[in-house]
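Number of protein chains: 2
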Amino acid sequence: MALYVQKFGGTSVGSIERIQAVADKVIKFRQDGHDIVVVVSAMSGETNRLIELAKAIDLDPSARELDVLVSTGEQVTIALLSMALNKKGCAARSYTGGQVKILTDNVHSKARILSIDEDNMRKDLSAGRVVVVAGFQGVDEEGNITTLGRGGSDTSAVALAAALKADECQIYTDVDGVYTTDPRVVDKARRLDCITFEEMLEMASLGSKVLQIRSVEFAGKYNVPLRVLSSFEDGPGTLITLEDNDTMEQPIVSGIAFNRDEAKLTVLGVADVPGVAAQIIGPISDANIEVDMIIQNTARDKSTDFTFTVHRNDYERAKKILEQQTEKLNIREIIGDDTIAKVSIVGVGMRSHAGVASKMFRCLAKEAINVQLISTSEIKISVVINEKYLELAVRALHSAFGLDAMETDK
Amino acid sequence: MALYVQKFGGTSVGSIERIQAVADKVIKFRQDGHDIVVVVSAMSGETNRLIELAKAIDLDPSARELDVLVSTGEQVTIALLSMALNKKGCAARSYTGGQVKILTDNVHSKARILSIDEDNMRKDLSAGRVVVVAGFQGVDEEGNITTLGRGGSDTSAVALAAALKADECQIYTDVDGVYTTDPRVVDKARRLDCITFEEMLEMASLGSKVLQIRSVEFAGKYNVPLRVLSSFEDGPGTLITLEDNDTMEQPIVSGIAFNRDEAKLTVLGVADVPGVAAQIIGPISDANIEVDMIIQNTARDKSTDFTFTVHRNDYERAKKILEQQTEKLNIREIIGDDTIAKVSIVGVGMRSHAGVASKMFRCLAKEAINVQLISTSEIKISVVINEKYLELAVRALHSAFGLDAMETDK
Chain Z
16 MALYVQKFGG TSVGSIERIQ AVADKVIKFR QDGHDIVVVV SAMSGETNRL
66 IELAKAIDLD PSARELDVLV STGEQVTIAL LSMALNKKGC AARSYTGGQV
116 KILTDNVHSK ARILSIDEDN MRKDLSAGRV VVVAGFQGVD EEGNITTLGR
166 GGSDTSAVAL AAALKADECQ IYTDVDGVYT TDPRVVDKAR RLDCITFEEM
216 LEMASLGSKV LQIRSVEFAG KYNVPLRVLS SFEDGPGTLI TLEDNDTMEQ
266 PIVSGIAFNR DEAKLTVLGV ADVPGVAAQI IGPISDANIE VDMIIQNTAR
316 DKSTDFTFTV HRNDYERAKK ILEQQTEKLN IREIIGDDTI AKVSIVGVGM
366 RSHAGVASKM FRCLAKEAIN VQLISTSEIK ISVVINEKYL ELAVRALHSA
416 FGLDAMETDK
Chain R
16 MALYVQKFGG TSVGSIERIQ AVADKVIKFR QDGHDIVVVV SAMSGETNRL
66 IELAKAIDLD PSARELDVLV STGEQVTIAL LSMALNKKGC AARSYTGGQV
116 KILTDNVHSK ARILSIDEDN MRKDLSAGRV VVVAGFQGVD EEGNITTLGR
166 GGSDTSAVAL AAALKADECQ IYTDVDGVYT TDPRVVDKAR RLDCITFEEM
216 LEMASLGSKV LQIRSVEFAG KYNVPLRVLS SFEDGPGTLI TLEDNDTMEQ
266 PIVSGIAFNR DEAKLTVLGV ADVPGVAAQI IGPISDANIE VDMIIQNTAR
316 DKSTDFTFTV HRNDYERAKK ILEQQTEKLN IREIIGDDTI AKVSIVGVGM
366 RSHAGVASKM FRCLAKEAIN VQLISTSEIK ISVVINEKYL ELAVRALHSA
416 FGLDAMETDK
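Protein chains in written order, with our numbering: chain Z, 16 to 425; chain R, 16 to 425.
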């Protein structure tokens with residue numbers, strides 16, 4: 016008998032029928048003798064409906080009141096799911112974030128969880144009841160309702176699993192697991208049985224939008240086994256754990272991530288003196304533009320080139336900000352390109368395997384794909400290429416690193 | 016400077032525009048230097064929408080979960096109204112019932128208020144903030160969300176006014192006050208400036224559906240001055256107080272109430288022995304049929320006739336129940352009529368004025384209206400007549416007791 020925290024997102028509870036299906040799924044686990052804490056989001060569309068109401072009053076509404084408003088979305092779902100479970104003969108009890116209580120700081124709309132009181136939930140679990148908790152919300156020390164920000168229900172689930180020392184935190188989504196790459200690009204993409212938190216972080220931030228990054232970090236920190244699986248089909252999903260030790264022989268590369276939404280900007284002839292990087296990036300981040308890759312190579316002749324990538328939507332704005340600095344920074348020239356794509360290979364296996372990078376570059380060269388930028392981390396190698404080669408690059412790398420599904424897998 | 020508790024119902028907050036209008040009204044009172052606590056209902060239609068969701072899952076849903084569900088309706092309104100006030104430059108802060116906290120017993124869907132913690136509200140009022148409270152809801156000792164039942168927002172407002180010792184509890188509705196009778200029946204019906212709690216109770220229970228009876232009882236018990244006024248038009252409304260002492264010369268009769276939804280049942284030849292009344296009414300109330308008037312006259316020849324009235328919808332059911340008892344109770348005959356109407360004259364003035372009853376009967380006789388039943392209380396005389404004479408009777412009594420509006424009032 017295990018204790019599972021199961022999280023169902025907005026689509027999974029988007030209608031009365033879906034809520035009934037979630038109840039059936041939960042009951043199946045109960046019948047197998049497991050204790051269940053369910054975390055739910057607002058029914059799909061509801062949060063947006065509430066935000067529209069607020070915006071009709073104030074485009075920048077009071078953050079405290081916005082949290083009071085949108086937190087009703089999850090409250091509706093916990094009540095309906097608890098009713099459905101009770102109706103089907105499975106005792107259940109709902110909890111708002113405040114009722115649990117999930118104590119957070121007082122930063123409305125992006126609060127951080129400080130602590131979770133598990134006493135009430137334990138009592139219900141001991142009494143054989145399913146506990147249904149509103150995701151995405153908490154309460155600060157003064158009793159004000161807070162929310163964790165969009166997608167925060169994943170974080171709620173992981174935090175509850177950590178507090179309750181659950182055996183597994185199961186995140187039910189509309190995909191059946193984490194894939195080696197996007198199946199829409201590579202039809203031989205394969206569901207992974209297992210992936211490490213670190214790999215998942217690199218995959219998630221690179222565009223595999225299965226899980227909120229923050230919830231993965233949280234799960235890693237508290238070592239909560241996290242499983243991504245489908246709300247709609249049965250299947251084992253993908254287990255995300257601390258160590259990828261399920262297989263004797265680890266694959267070197269676990270997946271290929273990519274991103275087509277980037278643009279690059281290069282500042283040519285930057286003086287090779289301390290503080291220049293900060294002077295370039297400072298105004299960009301002051302303008303609330305997020306920067307992804309930052310690359311600077313060894314200087315030649317006391318000057319160097321400085322390159323960074325931003326979201327394509329921010330490209331023109333970032334370029335203008337740089338151009339305003341040319342005189343101040345004594346910049347020779349600014350060049351940019353918004354027709355690029357980033358491709359990354361991710362895997363804890365590459366730590367101990369030399370030659371992964373050269374294998375990657377050889378593979379791309381064989382397809383005559385020019386590599387514009389290179390950046391690496393412990394478990395990731397990213398390259399920037401012309402966007403028109405993206406699909407080709409991903410497919411070639413997927414195959415080169417042995418990720419293609421066998422015919423029999425299909 | 017006064018402290019006002021102002022309650023706005025579902026229609027008054029039924030759209031963003033209406034909520035803006037409520038904010039404007041509140042701000043006008045603030046500008047006059049008054050402290051304001053606003054109590055709001057769910058936006059019109061919202062509570063029904065939520066109940067429909069619940070019924071789609073379970074026709075008889077868990078009472079605890081139903082309260083969790085429907086309480087979100089008011090929570091949405093408090094957030095939106097607070098946003099509107101803040102946006103217009105009037106500092107405001109919302110409170111759910113639990114946040115106040117309004118402590119209730121644990122009878123879900125019809126909880127009774129036990130106590131109200133005024134500390135947080137006082138702090139906000141002292142800081143110059145408008146306090147916006149969700150009506151209709153509270154929290155029990157274990158932190159479960161409770162609701163006071165439909166229309167409970169009036170009760171919330173009165174209870175808050177009592178706890179805060181407010182100068183007045185203002186109930187904003189879609190009518191501009193309490194009238195001498197229904198203006199749809201008597202076009203000379205007149206708005207009352209003042210009425211006592213007792214009169215209001217008799218008026219309300221007799222069909223003037225302006226206020227919830229329970230909130231009037233509550234206001235009377237704690238002597239909270241209650242004012243009914245229009246959300247949509249400016250005007251003084253009607254003040255409901257302990258003593259009708261605003262005018263030197265009190266009118267004898269304050270209003271004419273009536274009810275066309277009743278039916279009467281008479282049991283003929285009931286033995287004049289103890290316990291018979293209970294034997295007749297017992298099975299009726301066991302069947303959850305509400306009884307209004309009960310009339311029994313002095314016995315003749317050791318038998319008497321027993322008459323009571325029920326809602327017209329319950330007439331056939333009540334009649335069948337009685338018929339099942341004929342043998343047991345040795346009843347001679349049961350007769351009934353569901354084409355009746357009840358007309359009542361209400362007024363604290365009649366306590367000290369002899370001749371009110373005879374004036375009433377003379378007035379009806381003059382119009383050739385036969386009186387079928389008569390029942391009286393301290394401040395009310397009710398008669399049952401054939402329903403076809405209802406409008407005639409109300410108009411004649413309204414005129415006879417000097418309630419008609421002057422031409423200049425129109």
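Misleading hints may appear alongside valid ones.
All copies of an identical chain are treated as equivalent in the list; a pair is satisfied when it fits inside any one copy or across any two copies.
[What the hints assert, rightly or not] Straight-line alpha carbon distances no greater than 35 Å define the calculated DSBU-like cross-link-like pairs of lysine-lysine that follow:
| hint | residue 1 | residue 2 |
| --- | --- | --- |
| 1 | K381 | K70 |
| 2 | K138 | K403 |
| 3 | K343 | K40 |
| 4 | K70 | K116 |
| 5 | K334 | K40 |
| 6 | K236 | K403 |
| 7 | K116 | K317 |
| 8 | K138 | K70 |
Derived from the structure by calculation, the hints contain no laboratory data.
Hints and how they fare:
{"no.": "1", "hint": "K381 x K70", "result": "neither (53 Å within a copy, 63 Å between copies)"}
{"no.": "2", "hint": "K138 x K403", "result": "neither (58 Å within a copy, 62 Å between copies)"}
{"no.": "3", "hint": "K343 x K40", "result": "neither (62 Å within a copy, 55 Å between copies)"}
{"no.": "4", "hint": "K70 x K116", "result": "both (29 Å within a copy, 29 Å between copies)"}
{"no.": "5", "hint": "K334 x K40", "result": "neither (51 Å within a copy, 49 Å between copies)"}
{"no.": "6", "hint": "K236 x K403", "result": "neither (38 Å within a copy, 79 Å between copies)"}
{"no.": "7", "hint": "K116 x K317", "result": "neither (58 Å within a copy, 68 Å between copies)"}
{"no.": "8", "hint": "K138 x K70", "result": "between (41 Å within a copy, 29 Å between copies)"}
Checked against the numbered hints listed earlier, the structure breaks hints 1, 2, 3, 5, 6, 7; every other hint is satisfied.
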